[in-house]
Amino acid sequence: MNAPFVLSHATRLSRRSFIRGAGIALALPALEAMTPLRIRAATPPVPRRMLVIVHNIGIFAKPFFPVASGRGYPLSPYLMALAAHREDLTVFSGLSHPGVTGGHSTDNSFLTSARGAFKASFRNTISLDQYAAEQIGHLTRIPSINLGVNIEKANRSLSWTRDGVLLPAEDDAQAVFARMFGLGDQTSIETSLRQIDRRGSILDALREQSRRFSLPLGPADRQRLDQYFTSIREVEGRLRSLREWERRPRPIAPGAPPAPLEEKRLFFEKFELMLRMAELAFETDSTRLITLMLDAFQTPVFRLEGERNTTEGYHGLSHHGHDEAKVRQLETADRQNLAILASHLDRLAARGEGPDRLLDRTMVLFGSNMGDANVHNNSNLPILLAGGGFRHGQHLAFPRHQNTPLSNLFVSMLQRLEIATDAFGSSTGSLTGLELG
Amino acid sequence: MRSTTVLKSLVLAISVGLLAMSLTTTAEKSAAAPAERSLAALLEVGCGSCHSGESPAGGLDLRTLSDDLASADVRQRWVEIYDRVERREMPPSGVAFPEEKRRALLKRLGAAISAADRADVAANGRGPIRRLNRDEYEQNLRDLLQLPHLDIRDMLPEDRQSHHFNKVSATLDISWVQMSAYLDAAEAALRQARSEGTSPPPVTVQRAVGEQLSVGRETTGGREAMFWVRHDRAIDLAAEKKAAVDKSRVDPTISMALFRSPGWPYGIFPKGIVTRVAGEYRIRFAARARHQFADFTLGPATAPVPMTFRSRRPTNHDIAEDVRSIGGIIDVHPEGSTGPANGVYETTVHLNAGQTIEYGLLGLPAPQPDVMGVTALYRYPPFPAAGQPGIVFDWLELTGPLPPASWPTPSHRVLFDELGPDVKSDQPEVDARRLLRRFIALAAREPVSPEAIAPFEKLVLTALSHGEPLADALLTGYQAFLASDLFLYLPPPRRESDHFAIANRLSHFLLNSRPDAPLLELAGRQRLRDATVLRRETERLIGSREFTRFVEYFTDYWLNVRALRRDDPDIRLFPEYRLDDYLVESLGRETRAFFEAMVRENLPATTLIDADFTFANDRLARHYGLPPLTGSALRKVALPPASPYGGLLTQGAVLKVSANGVNTSPVLRGVWVMDRLLGQPPPPPPPGVPAVEPDIRGARTIREVLGLHTRSASCAACHAKFDPYGLALENFDVLGAWRTRYRGLEEGEVVAGIDQTGHDFRYTLAGPVDASARLADGRPFRDVHDLKRILTANPRLLARNLLHQWTTYATGVPVRFSDRAEIESILDTTAGNGYRVRDLLHGLIRSRIFLGLPGEGGR
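Just so you know, the sequences run in chain order D and Z. Heads up, the first sequence is in the numbering used here, so the first residue is 1 and it goes up one at a time. Heads up, the second sequence is in the numbering used here, so the first residue is 438 and it goes up one at a time.
Just chain D, same shape as in the assembly (with noise of 0.2 angstroms):
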């Protein structure tokens, strides 16, 4: 049962990662056990789920888009990896969000479809996963997980607020894993149950208190305030939904807590161990929906293979103006990249939940906000859709030079979390020709 947890892509392992995976110790059949029954009970009969994944510096265009179009499309290089999935996955092209342009400041937007997000004044919008977590957020222990490997967290963020406040990503599986599983004794749930009550009779206070008696107020101090009063009453709310969960057993952990792993240059064994804490995020239910941005503008020099590193940093080899060495280690990495998205994918296959696969309930966006980094080009984004329950197994074209808005795709994906609405960003509508299956 406790298998050792080996990262199964392409890298080769060396004694370091080996020493830190093996303190994760993942099995997957000791899942089963993992998802207590009333939590199960308490849910709808079909959970919808959902993770996005955004490289922010992206891939090649010229060997992931395949060249033609509809059913039955020649895989192009790049999905060859992805070839076990071909059905169930839909590839677009033409896609992107009107407006958006900025380079590489258009990652905080990719969720979003907000413009201007090079500008100083510029506020973002509600994110894709907020705006579902809003509706179906509560029916989990935690509403949703937002997830980076070497994020710069104080400005870079796939996940919004409603008032455009960013929301930090957590780099570090083992506090993601301690979300999931705590501690779980009875002890500290009676702790954690008076501390939770403790910080209501805080926030009641708080809420009682105002400035007003003090100051007095312009019409943007107010704007502050108003932000103020909404964290605190945004606080209220998860502290009283995590009372309720609190009561319920907690999953049981699947083993060890993950082994920290800090080093930038290990960019990949990041991506694959956050892929992990996502798919236990998503076998026990404790969230249906999950955000990841692998920030390659910040990752250093990174191991590329087995023990041979990168000879730049990710953001400067994407500007590889052609340069032979750098296409070549691009390329390395876009396939790496890839080959740990087909694992996560055999992986949510290969589980069941009721009737179905893990991966029919699930969808996995993968994509980026930079079509070409080369020239900080934000059109034709490279964008693909896995599971869900989706009829895939297509390539859908929409046209390059007048873009289909992305946010269309977004409508689709709230439609197939079963949230009711016709609108988000700039959506002119759901996405033409994806169907359910």
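Any given hint might turn out to be false.
To be verified - Selected chain Z positions facing chain D (in silico; Cβ < 7 angstroms):
#, residue
1, 561
2, 566
3, 612
4, 775
5, 892
6, 893
7, 894
Stated by the list, open to error - If you anchor each label on the Cβ, the simulated ranges turn out as follows:
#, chain 1, residue 1, chain 2, residue 2, range
8, Z, 638, D, 244, 35 to 43 angstroms
9, D, 432, Z, 514, 33 to 41 angstroms
10, D, 208, Z, 777, 35 to 43 angstroms
11, Z, 1223, D, 428, 54 to 62 angstroms
Stated by the list, open to error - Covered stretches of chain D (chain Z as the covering partner; in silico rule of three or more C-beta atoms under 8 angstroms from a C-beta of chain Z):
#, stretch
12, 130-141
13, 149-163
Quick caveat, the hints were computed from the structure, so don't treat them as lab data. Ideal Cβ placement from N, Cα and C applies to all residues, glycine included.
Start from chain D and add chain Z according to the hints.
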């Protein structure tokens, strides 16, 4: 959208009061009329012939441009138009536009925008209340709770930046994430402030002698890095131990000789020394600088060797963790020279529970695996004839936790006054009320009304009535206060009577923390609008030790010095910099010391660009080619007349962060200089443009690569502005060392050898550096000396930039259009004395930008 904003402001205005409403509406009315006229003005002079129609130039269509100057977004658009006309970028070259017409147009536009902006300030204030960022929050708690080493910053999410700073009101948002984090951080801080038990934790002395000085008997770096020594000769400790009868016997005649700085994959720390509780600890150790020779014997050293300790857990090195330098840099001297008596050194450090201390030699890099991943094979360069410098340690002692000044601790007294460690009271309710009021008075940075205290009091008394111990009930109330808007937000000064807001703004500007007692006292006596008092207080804060926080945070963000370690130079091209953390550390300290001197010595603004001195130590003297210095301490040194150094512009730290840190890029450096030093940020690159990278094969010079820019008119328009500044800096390599030829990997004369860390290197010396160019206005220059002359000839520009940066940093709001006249008047008053830095600082602090306009915000 616009109508809702107007509506909202109206609704709010009504709720605030009738007076405010009438102000808002009159302001809007009066602003609209000149705007219509200024739109007409633009059309009159013919701007409409390009900026209208199907595809208006630059996407600006004057026929659809809103003239509602009361809207901030619209106003911003008009400010951009104004600036482009003022900078003579519009109309474009080739379009005749007489000077008097331009002046007349600018006057009309400027008056309209200014009037609208002033009306907005009058109605709504210059800027809103501002949340404390996490650095300020931590510093506030450190000062309030008298816990100088409190470490809670990392519990809070990093704050977003805009206009380079993490102090901008509009960007310092709050969500449930921050709110929860503030509650957690406040709780952790209060827990640390409390003394528990009847006496302080016992002081222990842990001592390491001989072989106990290191956990391992050898290191990955081999005997070149570390060996055991007796009477100046290397010994085989493993063999000695094997042969020893009593294996536990510690031989005090053995010393540890260290010649490379330990770092991953090995770190050297003493055996068995680990802290049980967090606190202050004293490290004492006996050591001396020695030289190592090829036969692993030791001989006399000629100069001190700098070292530092680092706090860490005594674990396997595979566990990544926060390893921090502690206790400062210690220069270990050769025997019998200028060092301390008996060669015993001492430093005080703060350690967390479960930590030990690691030895770090500075300037002697550790062997590391190759960047290309090849397993480490170290081939050290031949020993210098005079030997390789290092440090020999005889013994080390860690004593602590050092007892606090009193028990209970001062921080406990902040919480519970005289109630003692167990917080016992005969009249808990009375004490609860008293202590809560006392704490709020200490914590708040302004007087708090009884109504505002009431909810906290209710919270404490309810907890007490539920049977919670007095201490816990009080801490709940304190925690709530430390997460309340009263504590989290800084109010801007607006009314004549807002002296506390001025005190807060001043102390968060110059100390990054709460006002101290004298400043609060002056605020209470309403003395801070007295120019003499304000000046004296400013001088006092600048003179205080805590002023270094301003130097650190301001340069961290303004110059981005905090990114100094973000990227490592490309070691294929710059093998001499491999793992030279001592150099990087010294460069950062140089820039900070220099900036501090600019303020404290009231130097002219031109010292941003040029000066006849810098701050240097042994390593920097070598780096900059100055006469040799000994020791790690920075000192002010005069530069030779022909030196290209002097001024922030040519400091290594600036040259590193202004490029990408890996290699140099004149484009990035040029943009950086304009944006950060000249205060003229160029527009962001257009979408769909590839970046230009140096050709590291060495075949083409960067100038040839950049030639692409000038061949395309659309590229040239912007690149002609900033490329020249970057080109002038081409004589400086990635860390600011002077170079006359580029390095490459393929073409040119081969240079090969073994670097300091034991790795082979091979690079080529390629084409010569040509640092000449022509500024956008046509002025040619040959090199950086020429450029410095050009830039220092315009001190007003440099001074204006400083005022702009400080305005954002100090007030949380960048310079508004209606502030511009005030900025110019500060410049006018400081011009006579050469725009000196502290004069400028005083000028800003006594301005309406800093002190607020009485009547601002509709009051």
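- Message: Going through the numbered hints above, which ones does this structure break? Give me the numbers in ascending order.
- Response: 4, 7, 10 and 12
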